[in-house]
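A.B. asks: Spelled out, the chains give:
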Amino acid sequence: MRRSASLAVPFLAALLLAPASLVAQDAVPGKAEYDRWCAGCHGVDGKGDGPGATTMMPRPRDFTTGRYQIRSTPSGALPTDEDLTRVILDGMPGTAMPGWRDHFGEAEVRDLVAYLKSFSPFFESQPAPEAMEMPSAPGADEAALAEGREFYQKIECNKCHGEAGRGDGPSAPTLEDDDDLPIRAADLTENWFFNGGGSVEEIHERLVTGLNGTPMPSFQDLIAAEFMTEEQLWRVAQYVRSLAPEEPPVVREVVRAGRVEGDLPASVDDAGWDLAERYYVPLVGQVIVRPRWFSPTVDGVWVQALHNGSELALRLVWHDPSESPDPQWDEWQSKVLALMAPADSPADASPDTAAAGASEQGPLSGSQADTTAVAAASPGASYPDALAVQFPRSIPDGMERPYFLMGDDRDPVYLWRWESGQQASELLARGLARYEPLGGSQPGALVAEAVFDQGEWRLMLRRTLDAGGIEDRLGFEPGRAIPMALFAWDGSNGETGAQGAIGSWYFLYLDQPTASSVYVTPALATLLTAALGVVLVRRAQRRARNDA
Amino acid sequence: MKPLRHPFWQAVAILVIAYLLIAYGIPHLPQLVGMESAPVPGSVVLQYMVTVLVGVLIWVSDSDERWNRFLEPVRATMVDGDKRWLRLGLLIALPLLVGLLAFRQVRQTVAAPPSLRSIHPAPPSSITFRGRPLNLAGLDNPLRADGSVAEDYEEGKRVYYQNCLPCHGDGLDGRGHFAHGFTPAPLPFNDSGTIPQLTESFVFWRIAKGGPGLPKEGAPWNSAMPVWEDILTEEEIWAVIVFLYEQTGATPRTWAEAGEGGE
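Chains as they are written, first to last, in numbering that gives the first Met the number 0: chain P, 0 to 547; chain B, 0 to 262.
The shape of chain P in the complex, shown without the other chains (with noise of 0.2 angstroms):
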């Protein structure tokens, strides 16, 4: 902040001029491209309005601006060419910016990258742009990433990104880029979500450059001021890097519970929980039905599970910088509300859709329709934070199962919501956020056990295996593929009802217990094998010897 982008005075100058330079540029090399696939986002005049823009949180860029991110380039200068040709190129990851290298060849991007840079008057009006020399990696060992952590304090990156790096730092709420607009602190430890990537070197690269128009800074005048040396900054990369793990999570399809003798890990701490399978579940905005919600909070959910023959258990960790409510998120609240909530505002829902049914041709009820009935967030009410995990109401036998939305009138989900402050309950759901109460289910039959810590929730939800013979409540039988499915709000988004992050079918498997023909078959193999070997081998050698 003290350190952001000073390109004030000159833009304001130049605003002045902008115009001259904005005419005559039909002919030009790039424009065709530009229109055709880059506008709908940014413009047809490059202000970052194009028609999705709406759609999008961080909004699309304003190329009139010279406000670039991803640069080689001093704090508050422009981009090179190769930035830009790489920001085209690999997109940012974590936005709504694609890569285009499967797309466009070479010409293309470099016609591209000029028609972009007409955009704004100071690519002519200030002298070339040069890539910063950068110094090399020193290597990294566990004292370097404590010297690391040491700075990261020191130079407050907690400050915004948080003690363990999710985004949860105390000025974290308040953060705006330099249109005013609500931007989030990177969480530090999903660098595949980092804009310009999530190598050292780049994560390095964006320490010593900043990023231009967001309150992100450049640390370099640190090494100018001698407050720390070229290494050190170097250590915050390495120390940045250690934050997330070694490759990005890769998703898998069955979610396998894993069988314990005895009790299950006792609390959602517990260290039983050391040895269970960690899996990762993807969460992307409801895009689906109204109100839609195109910015969640909540990218994704790691998922553990055990059970011992009688009770079932789930491990759900997941990253939210705030316990919801918060006051201090309400500012965040509204202003989020404000920018993404009129791009689907329910008033726009025309009246004689609901009336519809949707889909009498398919299998499916259709009762989705009906969800412009939940009402949307409204920026002055607080909201807590929320997870559901969603099942079918029996074990399918074929592939048949409900609607991944949370089913619909002909076929409800059986549900385990829990809610910030709040008990877990156990419900019948008939489409997005239609719940109702399960039928028989005793308070406390579920139970749940959650801890916010720095940035992330951790929550144990814990049942019986056995339905207890109540209707529509799901028995849960090892041995077989059960459908389960995620969903999750952050409250302080201003997530609420449908408008939360949510995810497909998944399965769970709650493993058998080994059967003893497990290990007595194959040890019989051997065992024959070998007898049959050695009795070969006799007769064989028998035979030589009789020949002889």
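Read the hints as simulated data drawn from the structure, not as lab findings.
All of these numbers come straight from a predicted model, not from anything done at the bench.
Possibly wrong hints are sitting among the right ones.
Unchecked claim - Per label pair, the in silico range of CB-to-CB distance: (1) B/L31 / P/E246: 26 to 36 angstroms; (2) P/V253 / B/P2: 38 to 48 angstroms; (3) P/L274 / B/Y23: 26 to 36 angstroms; (4) B/D190 / P/Y279: 21 to 31 angstroms; (5) P/V534 / B/Y18: 20 to 30 angstroms; (6) P/E162 / B/P40: 43 to 53 angstroms; (7) B/L93 / P/Y518: 13 to 23 angstroms; (8) B/L93 / P/A145: 51 to 61 angstroms; (9) P/E246 / B/D190: 27 to 37 angstroms; (10) P/E246 / B/L138: 42 to 52 angstroms; (11) B/L52 / P/Y518: 24 to 34 angstroms; (12) B/T253 / P/A136: 55 to 65 angstroms; (13) B/L138 / P/L274: 53 to 63 angstroms.
All C-beta atoms, glycine included, are put in the ideal place defined by N, C-alpha and C.
Place chain B on chain P using the hints.
C.D. replies: Only chain B this time, still in chain P's reference frame:
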């Protein structure tokens, strides 16, 4: 003695080559014609290998002379004094290998049940759009009637960027920034297997009724494709269809190509 003249080593070579071809060669074939491919399942490899083994045994036992030469090294290993250590090694290694194979057969393995989904199931002959009956058979895009689609393309572009983008992507390649959250994945329109094969009437049905409108063989319960009649008007849907074809440079299938009233 040249090893490759010897029937024993020839048999071994045949088995090894067959294994490599089946396990690693075959998966490459579909890629040559640009199709998706997957590893050959272990059970299939086993089946083929048993067939090859039987064939090889028939071949080596075909003449007495070859059969005897084939057995020579086998006998030598079992009998010769200087091969004692090799013999012992094999007597330990082979049973262990058999035990391991048996274990891999009987241990608990977990795979998702197969999901067989028809991507382009037969469409209904008529639907109701927002309560109004609409005949799909023979239906053409009304926006093409006036000869020019330039305006419709722009309108379709707006509709696409405000609605379809997060899933189908701005490259129309099915790789929008939310696509990774959905199984089945959003379909790519720049693929010869999708919209170029379809009539605009079929595409209209898919957009209007979405995933939930699919018949059972399309696994409607899994599809994230929204029911757009709840959100878009009929005009908007026809416009976005114009956009899909113009942007990818594809042409819709005509009713003449599609034959009598069906897909």
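A.B. asks: CB of B/L138 to CB of P/L274, is that within 53 to 63 angstroms?
C.D. replies: holds, 59 angstroms
A.B. asks: Between B/L52 and P/Y518, is the Cβ distance one that fits in 24 to 34 angstroms?
C.D. replies: The hinted range 24 to 34 angstroms holds for B/L52 and P/Y518, with Cβ atoms some 28 angstroms apart.
A.B. asks: Is 26 to 36 angstroms a correct range for the gap between the Cβ atoms of B/L31 and P/E246?
C.D. replies: Holds, since B/L31 and P/E246 (Cβ atoms, about 30 angstroms apart) stay within the stated range.
A.B. asks: Does the Cβ-Cβ separation between B/L93 and P/A145 fall within 51 to 61 angstroms?
C.D. replies: holds, 52 angstroms
A.B. asks: Note whether the CB distance of P/E162 and B/P40 lies within 43 to 53 angstroms or breaks it.
C.D. replies: Cβ of P/E162 to Cβ of B/P40: about 48 angstroms, so the range 43 to 53 angstroms holds.
A.B. asks: Can the suggested window of 55 to 65 angstroms be confirmed for the beta-carbon pair B/T253 and P/A136?
C.D. replies: holds, 60 angstroms
A.B. asks: Given the hint of 13 to 23 angstroms, check if B/L93 and P/Y518 actually sit that far apart at their C-beta atoms.
C.D. replies: The hint (13 to 23 angstroms, Cβ to Cβ) holds, given that B/L93 and P/Y518 are roughly 20 angstroms apart.
A.B. asks: Is 42 to 52 angstroms a correct range for the gap between the Cβ atoms of P/E246 and B/L138?
C.D. replies: holds, 49 angstroms
A.B. asks: 38 to 48 angstroms was suggested as the range; check whether the CB atoms of P/V253 and B/P2 agree with it.
C.D. replies: With a Cβ separation near 46 angstroms, P/V253 and B/P2 satisfy 38 to 48 angstroms, so the hint holds.
A.B. asks: Cβ-Cβ distance between B/D190 and P/Y279: within 21 to 31 angstroms?
C.D. replies: Given range 21 to 31 angstroms: holds, Cβ gap about 28 angstroms.
A.B. asks: Holds or violated: the 27 to 37 angstroms window for the beta-carbon distance between P/E246 and B/D190?
C.D. replies: holds, 28 angstroms
A.B. asks: Given a hint of 20 to 30 angstroms, does the C-beta separation of P/V534 and B/Y18 actually sit inside it?
C.D. replies: At 28 angstroms between Cβs, range holds.
When each numbered hint is compared with the structure, no violation occurs for any of them.
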